[in-house]
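*Asks:* Below are the chains, spelled out letter by letter.
2 protein chains.
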Amino acid sequence: MAKVKAPRRPRAETPKGFRDYFGPEVSRRKAMLDTIAGVYHRYGFDPLETSAVETVDALGKFLPDVDRPNAGVFAWQEDAEPEGAAGDWLALRYDLTAPLARVAAQYRNDLPTPYRRYAMGPVWRNEKPGPGRFRQFYQCDADTVGAGSVAADAEICAMLADTLEAVGIRRGDYVVRVNNRKVLEGLFDRVLGCDEGNESAQMGAVCDREHRKDDIFRSIDKFDKVGAQGVRDLLTKGRMDQSGDFTKGCGLTDEQAGMVVGFLEARGPSNGATIQELRNLIGNIPKGGEGIGELDEIAKLLAAQGYHEDRIVIDPSVVRGLGYYTGPVFEAELTFEITDEKGRKRQFGSVAGGGRYDDLVKRFTGQLMPATGVSIGVDRLLAALDARGGAGKRPDGPVVVTVMDRDRMADYQAMAGDLRRAGIRAEVYLGNPKNFGNQLKYADRRGSPAAIIQGMDEAARGVVQIKDLILGARIAADASHEEWKAQPAQTEVPRADLVAALRRILGQG
Amino acid sequence: MAKVKAPRRPRAETPKGFRDYFGPEVSRRKAMLDTIAGVYHRYGFDPLETSAVETVDALGKFLPDVDRPNAGVFAWQEDAEPEGAAGDWLALRYDLTAPLARVAAQYRNDLPTPYRRYAMGPVWRNEKPGPGRFRQFYQCDADTVGAGSVAADAEICAMLADTLEAVGIRRGDYVVRVNNRKVLEGLFDRVLGCDEGNESAQMGAVCDREHRKDDIFRSIDKFDKVGAQGVRDLLTKGRMDQSGDFTKGCGLTDEQAGMVVGFLEARGPSNGATIQELRNLIGNIPKGGEGIGELDEIAKLLAAQGYHEDRIVIDPSVVRGLGYYTGPVFEAELTFEITDEKGRKRQFGSVAGGGRYDDLVKRFTGQLMPATGVSIGVDRLLAALDARGGAGKRPDGPVVVTVMDRDRMADYQAMAGDLRRAGIRAEVYLGNPKNFGNQLKYADRRGSPAAIIQGMDEAARGVVQIKDLILGARIAADASHEEWKAQPAQTEVPRADLVAALRRILGQG
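Protein chains in written order, with numbering that gives the first Met the number 0: chain A, 0 to 508; chain B, 0 to 508.
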């Protein structure tokens, strides 16, 4: 008989660019999401959970990162029905805004207007995997659809500040920076309007104009990183960075570039001062004037509720990459310094952003539907709290009931049951009990606060041994070998006192 | 200039077979998942969150539903790197067990042994969409990997019973039924062993044997629905159901079918009696005897912890569809009657199931890795609680602060802010405030407990009007028009007493 070839074994590997989250990582993120949901909910936002899958048609081409045009979606074609026909193309959602736009259009007769919703969940990007860049990550969004008033934008900004404080970012350690796309458009009209801004421009010139606008906005967006001179170079002749990479310039004149840089430096000591300076610069351009008026209203609404410049500032240098924004844009930045992986001090940077997008729902319905919202990068926020050095991690491992006699499994399980009913996390060791050392090693690995031991002798006397592993670890770290040998971390208590004794060790009693 | 054709508008539609979940649906499921996670956690299980995407290679062909062989996965091929090479095939996970097997193999040197983990999240099935059948749904699993002892199976059963009670299923309204694949294999050997069970059987006969086994197990699985005579028909000459559909028979003799039915009816008044009856029937078949011994041990371990036949029963008719089970199998069934969509009374049926699968990790490593676990169908469980008529739904809408004067937006937002700081869900109306009736309709639609009203007159006097919408709705439903016109549901309070007054209405004071 022919030898049957053993089938090739599959590789046990997370797909490239994806990752797995274990125990405390999952718990911490969940706790943060719960806290954020609590704030959103208190503001009147309702949860919405759309499916992970959308038609490619509905998703559209709104991939947010204009700097990485290759960023794509994971997509596949449905089997045709009937056979031979072309099946729909489906894809994993790449953000939570596109599905909201679809929902707002689909259920427009059933949803309240305005519709405030929040959504939390993974999104997927078909990007080239790289260090620290994942193809699945969490977003946590809140949006108001159907409210054209800037009161809706102001509300989102206030809620964003409240949320950051709720998850543990201290006041003074963050700032919500607010700008307005209309103000940027006004600047653009002011800078280029004289030579290109006439309505009779031909199609090619319009395209070129949009193109130049993107280039200029992208240069402005780098203000934080490269400073005024850097932006000036990018806007004119181009700029070489420290690594020798050259970025082509936008070809503006020095005078035009000067206007832009003056605008970026318009941020004054107060929101009122900033708005006054903006008025001086571009207040007479129609779009600019309108945008400045909106910023003024947002600043006043927020100030009336006690959100002042220590938390929310008008900042003309905020651009936000997304092409679909049409009005106010905002960004939450953490201002404390961290030491990065190369040992350099730097500010932590952006953890959330958003803005007004009045055209997204219109794609489906043809009718204007104003909308504004914010997206919080939960994983970045968790990393920020780590970098800041948040609350110390309490051990959360279960009490481990060890197995001395395999025949007395039911007794051990009864102990674990008693502990659980008292709300104490507990488990019986379920591996091979032969090697007792392995059981204690296991308890250690689990981060157990205590191990319970009961052999024949203890059972006969109606007692159990409790090994306090937290105290044990401390003694092992601090004390001499002699002290360690005395094993004061192990005590004997009557079986009936098991729960009470554990409560003492866990600091619950 | 040529007229530019307007681009076709995308359809605003949830993809076929998928659905969206709104407000209370999301909150209720989340509350249930949190409760279940609490129980799992207390039993020492750690959360694990793998990515939604796996390589097709790692997923393998373990689609659980043997009755629907067309059930498939959503899969796509990665772009090749370098170009021209074949890219990996990726797919959305179809359950949470396959990713666990991958993780257990991949991290086998880092995870504690045994490794207890729980996982909750959506899974995807590329099935033909149908009424009530969705292509994305939640699973909620707990598994123990690396424990060969049936104490691990018993623990899962006890935890399952605890979980059902924790989410609100009353004792007596559910039962966890336990069987063992080895017992079923023993039965099979007993029934067919005489003519085909010899080791020198040729490859074809072996395949045929496996095939017949699947057919027989599938017939047994229908015992609940078609009864003893139905199973007898299915095992022999075939069976016609009420709708006229004919299912081909397995071709057993009447004597063989009698053995199977005798086995299915072996469930006695106590677990001890059932096990004795099983011993009489197939105790002398090696596999059967081994399986019966395991069931006996599970029953004894559970009884010692107070889990008796009112909660967990040994039931020889439990099969569970999944081909990969190798030992104990279990199923949680809700025993109360519901009225189905056709007005017929029936038992609610299965809401969770699981079992031991000792070979899944071996696929990757070549080494045996015992494992056992359970999966709870959260959406079914929620439907069950609905059908049972659980706790009445409390209205959870926000207090709506209406807008009488557009210029006094900041005052209205201050009111909402005060309420939120007191933990009361509140929002300012952000739609067009012109039509006041629309604002009250909106509050109604949101399920608001109260609306706050403050015009110029009230502002001048330092008061607000509070419209108690819960009371208002009750009056509108119960009382005469005269009483309604008197509007007792609206009261005026000083602005400073706003929070206290709302607390009274919400029953918090």
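The set of hints was computed from the structure by calculation and includes no laboratory data. Glycine included, C-beta positions come from ideal geometry on N, C-alpha and C. Be careful, since some hints might not be right.
If you only want the chain A side, here are some residues facing chain B, beta carbon under 7 Å, derived [said to hold, decoys possible]:
#1 Asp19
#2 Tyr20
#3 Leu47
#4 Val52
#5 Thr54
#6 Trp75
#7 Gln105
#8 Pro111
#9 Thr112
#10 Ala303
#11 Gln412
#12 Arg419
#13 Arg420
#14 Ala421
#15 Leu429
*Asks:* Evaluate each hint against the coordinates.
*Replies:* Taking the hints in turn, this is what the structure says about them:
no.	hint	verdict
1	Asp19	5 Å, holds
2	Tyr20	4 Å, holds
3	Leu47	6 Å, holds
4	Val52	5 Å, holds
5	Thr54	5 Å, holds
6	Trp75	4 Å, holds
7	Gln105	4 Å, holds
8	Pro111	5 Å, holds
9	Thr112	6 Å, holds
10	Ala303	3 Å, holds
11	Gln412	6 Å, holds
12	Arg419	5 Å, holds
13	Arg420	9 Å, violated
14	Ala421	10 Å, violated
15	Leu429	4 Å, holds
Violated hints for the displayed structure, listed by number in ascending order: 13, 14.
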